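S.K.: Each chain, written out:
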Amino acid sequence: MPDQINAYLDSDYEAGFVTDVEADTLPPGLNEDVIRFISSKKSEPEWLLEWRLKAWRDWLKMDEPRWAHVQHEPIDFNSISYYSSPKSLEDRPKSLDEVDPELLRTYEKLGIPLHEQATLAGVAVDVVFDSVSVATTFKDKLLEAGVLFCPISEAVHLYPELIQKYLGSVVPRRDNFYAALNSAVFSDGSFVYIPKGVRCPMELSTYFRINEANTGQFERTLIIADEDSHVSYLEGCTAPMRDENQLHAAVVELVALKGAQIKYSTVQNWYPGDKNGMGGIYNFVTKRGVCHERAKISWTQVETGSAITWKYPSVILRGDHSVGEFYSVALTNNFQQADTGTKMIHMGKNTRSTIISKGISAGKSQNAYRGLVRMNPRAEGARNYTQCDSLLIGDRCGAHTFPYIESKNASAVVEHEATTSKVSEDQLFLCQQRGIDPEKAVSMIVNGFCKEVFKELPMEFAVEAGKLLEVSLEGAVG
Amino acid sequence: MLSIVDLHVRVEGKDILNGLSLEVQAGEVHAIMGPNGSGKSTLGYVLSGREGYEVVSGSATFEGHNLFELDAETRARAGLFLAFQYPVEIPGVSNMEFLKASVDAVREHQGLPPYDAVTFMKLARQQSASVSLPPEFLKRGVNEGFSGGEKKRNEILQMMLLEPKLAILDETDSGLDIDALQVVAEGVNARRSDENAFILVTHYQRLLDYIVPDFVHVLANGRIVKSGGKELALELEEKGYAWLEPEVA
Amino acid sequence: MSGFDQNAAAALTSRADAQIWLEAFRDLNRQQWLASHWPDRKTEAWKYTPLTPLAQGDYLRFPTAGKVQIERARYDIPGLDCQRLVFVNGEMMPELCQLSPAREACCVTRFCDADEQQQALITQHLGKIAEATDNPFVALNGSWLEDGVLLQVAADQRIEEPLHIVHMTTPDQQAFSVRQRLLVALDSGAEATVIEHFTSDEARQNSFVTGVSEFKLAAGARLTHYRLHLEEEHNIHIGGVYAQLDRDAHIDSFFLGLGSRLTRLDLRIQHQGAGSHAQLNGIYLSKGTQHIDIHSTVEHEMPQGSTSEVVRGIVDDEAKAVFNGRIHIHPNAQKTLAELSNRNLLLTNTAEVYTKPELEIYADDVRCAHGATVSQIEDLSLYYLQSRGIDRKEAQVMLSFGFINELIGALRHEPLQRLLRPILTQWFGKDSGLTRHLL
Ligand SMILES: Nc1ncnc2c1ncn2[C@@H]1O[C@H](COP(=O)(O)OP(=O)(O)O)[C@@H](O)[C@H]1O
Ligand SMILES: [Mg+2]
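Just so you know, the sequences run in chain order A, B and C. For the first sequence, counting from 1, position 134 maps to 138 in our numbering; every step adds exactly one. For the second sequence, counting from 1, position 73 maps to 81 in our numbering; every step adds exactly one. For the third sequence, counting from 1, position 321 maps to 1536 in our numbering; every step adds exactly one.
Warning: the hint list may mix true and false statements.
[To be verified] Each computed DSBU-like pair below joins lysine-lysine, with the alpha-carbon atoms no more than 30 Å apart:
hint	chain 1	residue 1	chain 2	residue 2
1	C	Lys1608	B	Lys130
2	A	Lys200	A	Lys459
3	B	Lys22	A	Lys262
4	C	Lys1608	B	Lys147
5	A	Lys347	C	Lys1502
6	A	Lys455	C	Lys1550
7	C	Lys1343	A	Lys347
8	C	Lys1257	A	Lys58
9	A	Lys444	C	Lys1550
10	C	Lys1257	A	Lys347
11	C	Lys1535	A	Lys353
12	A	Lys65	C	Lys1257
13	C	Lys1608	B	Lys173
14	C	Lys1262	A	Lys347
15	A	Lys353	C	Lys1262
16	A	Lys65	C	Lys1262
17	A	Lys262	A	Lys444
18	C	Lys1550	A	Lys368
19	C	Lys1343	C	Lys1550
20	C	Lys1502	C	Lys1535
Derived from the structure by calculation, the hints contain no laboratory data. Every value quoted in this text rests on a predicted model; they were computed, and no experiment measured them.
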């Protein structure tokens, strides 16, 4: 790489600061008592405690998955604290005015559109600060439309029948090692229910942020779109800078009933660790949706953060004519490792899926796409198209593709294509020759590379995502 | 020979032909002209039995058969031939094997025995020479890597070998140089007789200088909006389609 | 039934006196076989290929030597000028072989006839190209090794006539194992063609074949290679082809897999010198309850290499096909060009295709592309044929055949095209109404 790019270096993690809020935190360690404590803190019903305990027992028997193209020291699950709640929130704030001002300043620094910004942007934000949802806006307006949007801990009390019916229905308790752990200790997360035929009047949004040292964050999100309803959900994640690795193991379940559409967009900017690979979030996430007849689930993700990303937002195309989409940009720099992709499980007739994955590797990072497309014998006329592109910046990183294709139906069509390219000196030279500085040139090229994915993001996110790539790429080349 | 009455055809939910009627008698040559996207190719496809072309209403009778009850191969065997606007490339299947399979199938339908390999080879060579297609083209994959003109000549070659009663030539003249055009015209003229009929889909008067049509029709918005004799083609050449607009609308 | 187990397989030894100089090699391989993990569903490289068929018969014996009459038509490739070695159940049949007189430029030797120099060459390369550590069945093959074939071509020598090695299996009283080993060493600038031809004499078969081939190509050497798996359906074949290419070396390899109830073939090309090139083409056809698994790995270790890999498969009935094509670009391998395409036709809803075209890339200035499809025959092509009067079913067969015929047409040796076309045609069924227009 030429020197100009060498110069395009070194920026600090912009979201890296620690909020000084007195926290109510459990000592590190995981045992039955911890799970009982979490459950009782939330005054959960007996069945949920039982559910957690079963998950925990399953988890004890499971092994950490080793197949991903990532390397890390073994995680000591007993050195993690499984509950942290900002203390001043023991009595939940009734309105934003009651929210700890320190917290609000935190959000401001992150640029979360909470106050007027939120109103202007028409965004309802359910903020998860460490483990407890602290504020939910626009609840009333949503309620008017019949949309339920609240922390899942509240939903357990308010809508027990929905929770009992759907929790774990898409990602079973013992689905995988991290999902089982999450099921045992999940702290909080969002709950959304869109009634039949309702088009959710605004984009729903949650910002996740890991704050407390040594606190794993285990949110659990459940979105149910009833028949013929529509919802678009945005998730943004950041975490402060720390030397140690922090664990994050979330579970997101989406249920799209007949004719419903769910669009789930993520911008993930957890702390990636420093330039030497110290610290950063371990992000082991299970996201999955199930589509009933004619339903559609669309996952869009821009993953720029975390030391390790292990994440495969998937769609089970159960109903005939249902549609699954996955649009992903994953950028890794320095010592980051990402192993991300999707699974499209075609069960119904004439189901369709599209996978567009853009991996950008820089520094000494490793970036892998891992995907599964499965056509079951019943999936008559099903179609999949996968396009999987990698862009390498510098010669010390890795870009990998592991697409599993399984077809058991003769009339189904699966198409997979993958390419790799690099930011070439010719391209840079051309830009320079036209008076564009190299930093700008790289970011232009990268943005162009990601265009197909960005156009799937809601407007305000698309802009943010572009900026995020630019920031994350700093120091990438050399 | 062919009678189309009030034909409505839909493709992927879109109405393409909207009440098209056309009578073709044995011995006649009809030219169909019309702006791009007016449904000319659709007509050829729906008559020859391509899947995905939904007949909403109307009928098409060919030699007394309801065409829409027959599958594509049966229509071909009954003597209906479509020269494709965009001939399909089939790598790995040699042109010769393709031609023989096709001719054998049609002959079998007529109660004739298949040609033996040698006789057929001779015949195919002879005919390909008559459309100026060098014999190597018989060995290559069907249309594989053929130029536009070679593909069109290969279509005419198939027509000569299959000896259809009704041949629909969908812009077979487009993109051809004058020599190739003459080859196509000679092929058609050689087969012109009291028993055979042709539908020529074309944009250009040029082809009609060589193959003089009995009737000229203008297809617009999925219907025949004007019919006439060969002079109509000249008029169209001169004025374009715009003057028909009121009739189109 | 004792089945096939790891310890028992290790206990089965060759004749104690067989090639003492190979004893150390066998020992080492036996250790590795015992230390290796028996592949199961959780073993990534064997995820879709259960080894249960091996357990269904006790293959743990070597065949009783028996003279058999073999018709020439069973192994001959008409019109091919070649040197030929014919093995029946692993035993060489001198009267069926056809070797040119020994000359300096080129030697074809069995391991058991190798002179000291040749022994040294064999020891130098054997097991270094196909490593027992990365595939347990290579280790098993090695632990049973008592003979093999060495082809050695001297620098800048071009050997016109291919070496045709026929491995014929014929049924024995009880199930048995056959092991094959081939070592090809081409010195710099040397050129040769090798045809590995696995076949059997009748439908009833009860053998388990392990055939491992190792190719060492020095700078600028060129090898044309064919590996034909034409065994009858009752065989099991687990084998591999391993090649190392030095600077500017060139391999052009083709495989055809259509026999055996279980076939597993590992192909590995290591580009160890700059500017080497590999063309890998292959066809697999699987029907009935056959299971075929092709694992190809291309290692680009040095700059400026190129690989082009085209593999097509057709899977019918209740058969299964697995294709895993891995391209690995090492940090040093700048300016590599690598392309891989795997296309599959799936003919029934009870057949299964598993494909995984993998890329692992550690160098930035490279151009890599891979693609995989699983589908049916294209509608438009089918319609074109139908619109010419051809019966739909026949058109389907013609198009399926065309799908693989493209690769057959690319074979450099025409006699092989002539040999394979009828065999492939047969595969599409004995109903001549459907196949009469092929060829
Ligand atoms: N498969 C298809 N799906 C959707 N629209 C189609 C399809 N095929 C043709 N059309 C549309 O039908 C119209 C007529 O097409 P065509 O018959 O090809 O016109 P022409 O041959 O007269 O140029 C065009 O508007 C074209 O876009
Ligand atoms: Mg047209």
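S.K.: Indicate, hint by hint, whether the structure satisfies it.
M.R.: Tested hints:
no., hint, verdict
1, C:Lys1608 to B:Lys130, "27 Å, holds"
2, A:Lys200 to A:Lys459, "28 Å, holds"
3, B:Lys22 to A:Lys262, "26 Å, holds"
4, C:Lys1608 to B:Lys147, "23 Å, holds"
5, A:Lys347 to C:Lys1502, "28 Å, holds"
6, A:Lys455 to C:Lys1550, "26 Å, holds"
7, C:Lys1343 to A:Lys347, "39 Å, violated"
8, C:Lys1257 to A:Lys58, "25 Å, holds"
9, A:Lys444 to C:Lys1550, "26 Å, holds"
10, C:Lys1257 to A:Lys347, "19 Å, holds"
11, C:Lys1535 to A:Lys353, "22 Å, holds"
12, A:Lys65 to C:Lys1257, "17 Å, holds"
13, C:Lys1608 to B:Lys173, "25 Å, holds"
14, C:Lys1262 to A:Lys347, "17 Å, holds"
15, A:Lys353 to C:Lys1262, "27 Å, holds"
16, A:Lys65 to C:Lys1262, "22 Å, holds"
17, A:Lys262 to A:Lys444, "45 Å, violated"
18, C:Lys1550 to A:Lys368, "19 Å, holds"
19, C:Lys1343 to C:Lys1550, "27 Å, holds"
20, C:Lys1502 to C:Lys1535, "8 Å, holds"
The structure shown violates the earlier hints numbered 7 and 17.
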